[in-house]
Amino acid sequence: MKLERRLFTVLGPGLLMAAAAIGVSHLVQSTRAGAMYGMDLLLFILLAFVMKYPTFRFGHEYAHATGQHLLTGFRRQGTWAVLLCAVVIFCVMFTGFSAVVLVTSGLAVISFDLDLPLAVVAAGICVFSGACLTAGQYRWLDRITKVLLLVLFISTLMATALSVPLIDWGQADILTPDVLNRASILFLAALIGFMPAPFETCIWQSLWVLEKGKQDKLSRKEVKLDYHVGYFSTLFTAVCFLVLGAAVMHGSGQQFSSSSAGFSAQLVSIYTSLLGEWTRPIIAVAAFAVMLSTVLVIHDGYPRTVCALVGCFRSEEISEKLHFRIYLAAILAMILISLSILLFFIQSFKTLIDIATTLAFLTAPVLAWLIHRAMHSVEVPAAMRPAPGLTRYSVACIWALTLFAVFYLVLILGGQI
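Following the working numbering, the numbering of the sequence shown begins with 96 at its first residue and continues without gaps.
Since the hints were made in silico from the structure, they are not lab data.
Keep in mind that a hint or two might mislead.
[Stated by the list, open to error] In silico lysine to any residue, SDA-like type, Cα no more than 25 angstroms apart, as pairs: (1) Lys416 - Val405; (2) Lys309 - Val242; (3) Lys319 - Lys445; (4) Lys312 - Gly484; (5) Lys319 - Val242; (6) Lys312 - His323; (7) Lys445 - Ala360; (8) Lys319 - Arg487; (9) Lys445 - Lys309; (10) Lys445 - Leu457; (11) Lys309 - Thr167; (12) Lys316 - Arg468; (13) Lys416 - Phe223.
Remember, it's a predicted structure, so these values are computed and weren't measured experimentally.
Kindly produce the complete structure, drawing on both the sequences and the hints.
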């Protein structure tokens, strides 16, 4: 019992990372991948996790090793690094948050049978999220997320186990998928961009690790355990959602709706077709709850990052009072700007998702490079720097991400897709 309590205490930032990932990349993109391509994109999902592993790991380990967040590591590289990071973050934060809120709003309509315009539901979710974070900040976020993730994880595991026999494995073309066409390349960029999450999540991880350290003192081994539980649970659930989409939607002639509410209804129906109609309210509420946790995680992560950026530009730690003011202002700005974007794309659900995820795909090499440099800087004690093998692995992943992004841009700018 004591061991179980300690494990529950240790887990925190890794599960918040998982909550951020399970939102758009899993519930939406993995399920769409299964519905459109069956199991053919399994290797691409695994490849995304392999390429992003070291960068996400460094987000955890840098904070624990130095007692500082990643943006401090960027500042030591030069003002240019902080500016570059700020540009990347402001390019993706509003579209990313809008996409998550739109999915959550659709699930809210389905879960609670709401007869309200989607924009009103979205505004309500944003205000609720902002109020929760303003009142409780990390403490509430940490506790709520653990419970919500457990509910969806168990139901997803059950549904996946029932769906595996329904897949026509003889038709699956996992090793040589046909993806060299315009639609497939565009979708792959969107799929990999948020798989398992955009790299700005690494900055949030470093901030959450520091916040967690104020409540519970963790060893280096425990910090690694928290990271690995979070990261590999996102890998497992990504494959689960791919299987669900492949088993129920692929080859059925059905296509996912372009509206958020329509997509949400289809997503819940995938579960109920496998687990039984009696599970509909449970699954709907669980899916909504997990998406709400994703909203909370993202709504907390970006404002924390903005506060840290302000501190970097001032070259000093900001006071607790100023931190709260900036945090609150960033929360409000995210609500207003993201709702404006959402209103524009409210009837083009999949378009907004693909824009947000593709931006994350294109900016990934930049953040991966900055994070790699921070983790190998002199500020990190020699004993806590990555081993030579992990260093080479990280460099190879950065090159792979860069080549993928360049290949995509060449095809786009050359008019070949």
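Here is how each hint holds up against the structure:
no.	hint	in the structure
1	Lys416 - Val405	holds (13 angstroms)
2	Lys309 - Val242	holds (22 angstroms)
3	Lys319 - Lys445	violated (35 angstroms)
4	Lys312 - Gly484	violated (29 angstroms)
5	Lys319 - Val242	holds (21 angstroms)
6	Lys312 - His323	holds (18 angstroms)
7	Lys445 - Ala360	holds (15 angstroms)
8	Lys319 - Arg487	holds (19 angstroms)
9	Lys445 - Lys309	violated (40 angstroms)
10	Lys445 - Leu457	holds (18 angstroms)
11	Lys309 - Thr167	holds (18 angstroms)
12	Lys316 - Arg468	holds (23 angstroms)
13	Lys416 - Phe223	holds (23 angstroms)
Checked against the numbered hints above, the structure violates hints 3, 4, 9; every other hint is satisfied.
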